[in-house]
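Visitor: What follows is the residue order along each chain.
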Amino acid sequence: MILRLSSTIRLLVVPCLLAAAPALAAPLKTEVRKLATRRGAQVAPLPPGANVKWSHAPYETGDCSICHERNDRANPGPITTSVNENCYSCHEEFQAIMARKFKHVPAVETCTNCHNPHNSTERKLLVGEMVSMCTACHKGIKAQLDNATVRHDAVTTGEKCSNCHNPHAANVEKLLIQLPFDLCVNCHSKDGMVASDGKPMTNFKAWLADNKVWHEPVKAKDCSACHRTHGGTNFRLLVSAYPSTFYAPYDTKTYALCYGCHNDKVVSVPETTTLTGFRDGSRNLHYVHVHQERGRTCRACHEVHASKQDHHIRDGVPYGPKGWLLKINYTKLPTGGSCAKTCHETKTYNNKTLTSSAPK
Amino acid sequence: MLAQRRLPAWVVAAAVVAWPAAGRAFSNVALGAVLENPVLPTLDGGRAELLSRQATASLFVFFRPEQDHSLSALRALEAIRQELAGKPVRFVAVVSGSWPPDEVRQVVKAAGVGWPVLVDRDDVLYGRLGVRLHPVVGIADRGARLVAYEYFREINFQEIVLARLRVQLGELGEADMARVLEPPKATSGSPEADARRFVNLARALWRRRNAPKALEALGRSLAVAPSAPAYALQGEILAAGGDCPSALRAFEAALRLDPADAGARAGRQGCQR
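Chains as they are written, first to last, in this note's numbering: chain W, 109 to 468; chain G, 50 to 322.
Same shape as in the complex, but just chain W (with noise of 0.2 Å):
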């Protein structure tokens, strides 16, 4: 053996980011599965003959005292100290780097779960492609990639995993390098960006500057409870089911998305004085909207992302070919509101009395 390795190699179906995600279940908690391979099974320098593209200093020099006992490539002995410790007497930043809240168990255990320390095909040393590398534990978001039918070059392209994530230790829940806000506009904030479906993608930095009222998830920089970020069999990554179009029959599953913090109740009861403003003395005006054959779906009202508006209620919405804005025309009022015609005639609600302003 070169390497003084863990003395049991466990194969054991236990979370590896426990220290990470203490909450038990997450809805996007997805299962992790420690493998064997990942023990340090390639921690010997390649084998000549393979497409060898790093080097580790130490080794290329054939210093192999630096963390070895003998400086003999043909026969250098244990390692000198824990492989931790021997890391980072050089590379001594990831002292703080683990000293964040948020650890990766492999990273805790040894470097070498992830890092040959000899040479590598990979960069970082790496002893896989990464995101076979990290599938091969995390076997949910494997399952993921490989039934998305929604994908996000995220995952795939530039630093694939390290995109987003610290593979070492983060300050933020998911081993994520900022919170989930952050780290998406560092692509989705420029105009031209287009969807798999050929639809252009908002530029959010923009939007978020025109549009003063914004979404409590987009407010929490928490776009990850909307969007799954890895890929997913929902337009636009949505975590949950929510309709594509317009005009949608109404079905509390077919609003999954929305119901996930909203309470269907607000829209599926026709009557209500507690659950919504949204309402005529009693009636409820959203279940009116929605609960139809031909129900108008959250959008045909509400901006998700950011309005200019409270309520999240938007100026217009496309209509037509061409996307000519029809505009919604919605005054807040004292006593409730008006949409002023465009959808239907100028109507007022009042939701302070019990009494429809309207008759039904």
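Please note: incorrect hints may appear among the correct ones.
Stated by the list, open to error - In the BS3-like style, the derived pairs of lysine-lysine whose C-alpha atoms are separated by at most 30 Å in a straight line are:
1) LYS449(W) x LYS320(W)
2) LYS361(W) x LYS262(G)
3) LYS282(W) x LYS262(G)
4) LYS234(G) x LYS313(W)
5) LYS234(G) x LYS250(W)
No lab work stands behind these hints: they were computed from the structure.
Given the coordinates of chain W, assemble chain G onto it according to the supplied hints.
Guide: Using the frame of chain W, we list chain G on its own:
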């Protein structure tokens, strides 16, 4: 049932006054407003207050069954409760009375929650506060003042709620809270770190008296980011090899970057003797 069905006028007044300054919380109750403290029936057939007059912080969470976020939030809050065990924090959950009790019990059991679950019949409390979201957490101080409002987040929910409670307990300050809300970027590499790594390698090589390779490593360090320790070690190695003129230049370079560098000062003195 709530003791009174009408919101007291002073609560409305407090909410209206506090709204613009304190920011949005529940739709009808702003941060800083004093909450009413109704006694509600509990899931196990008893009755309990929404807030505790004894606890430094009273946390209440509105949740509902058949919702992943509610289950996640309850689990996260239970983890927080365990972490703060023994501290004067009280936890209660609030669920609409429209849900079948057995369904509620299932989610409560799955989350491992042992604290009181209040039943909000006819959604009266929900409507008075203007809850709107599920799950959502409110935290009140000993005086029943609403001090924190947190809706569910996929990322860092537990961190943030825990920090809010710790602020209330006096364990964290507002600056700490700001760091929890905006955690510093978790970068790994930097030119300075690369440069330090080569200095450390050079130091290890020099301990083995391998001067040529140590100097080569220092050259790589200085090429990335010049630093006093790199120049000082370079001077030390050169001086040991008898090249005091070159060593002096290295020590001077180190002291230009850090006049207090002890190694460079000692090395320069040694060469000047």
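Visitor: Taking 30 Å as the top limit, are the C-alpha atoms of LYS282(W) and LYS262(G) close enough?
Guide: Status violated; Cα separation ~41 Å.
Visitor: Holds or violated: LYS234(G) and LYS250(W), Cα atoms, limit 30 Å.
Guide: With Cα atoms ~26 Å apart, LYS234(G) and LYS250(W) stay inside 30 Å; holds.
Visitor: Compare the distance between the alpha carbons of LYS234(G) and LYS313(W) with 30 Å, and conclude whether the hinted pair is satisfied.
Guide: Since the Cα atoms of LYS234(G) and LYS313(W) sit roughly 19 Å apart, the hinted pair holds (cutoff 30 Å).
Visitor: Are the Cα positions of LYS449(W) and LYS320(W) separated by 30 Å at most?
Guide: holds, 25 Å
Visitor: Assess, step by step, whether the Cα of LYS361(W) is no farther than 30 Å from the Cα of LYS262(G), and give holds or violated.
Guide: Roughly 67 Å separates the two Cα atoms, so the pair is violated.
Violated hints, in rising order: 2, 3; the structure is consistent with all others.
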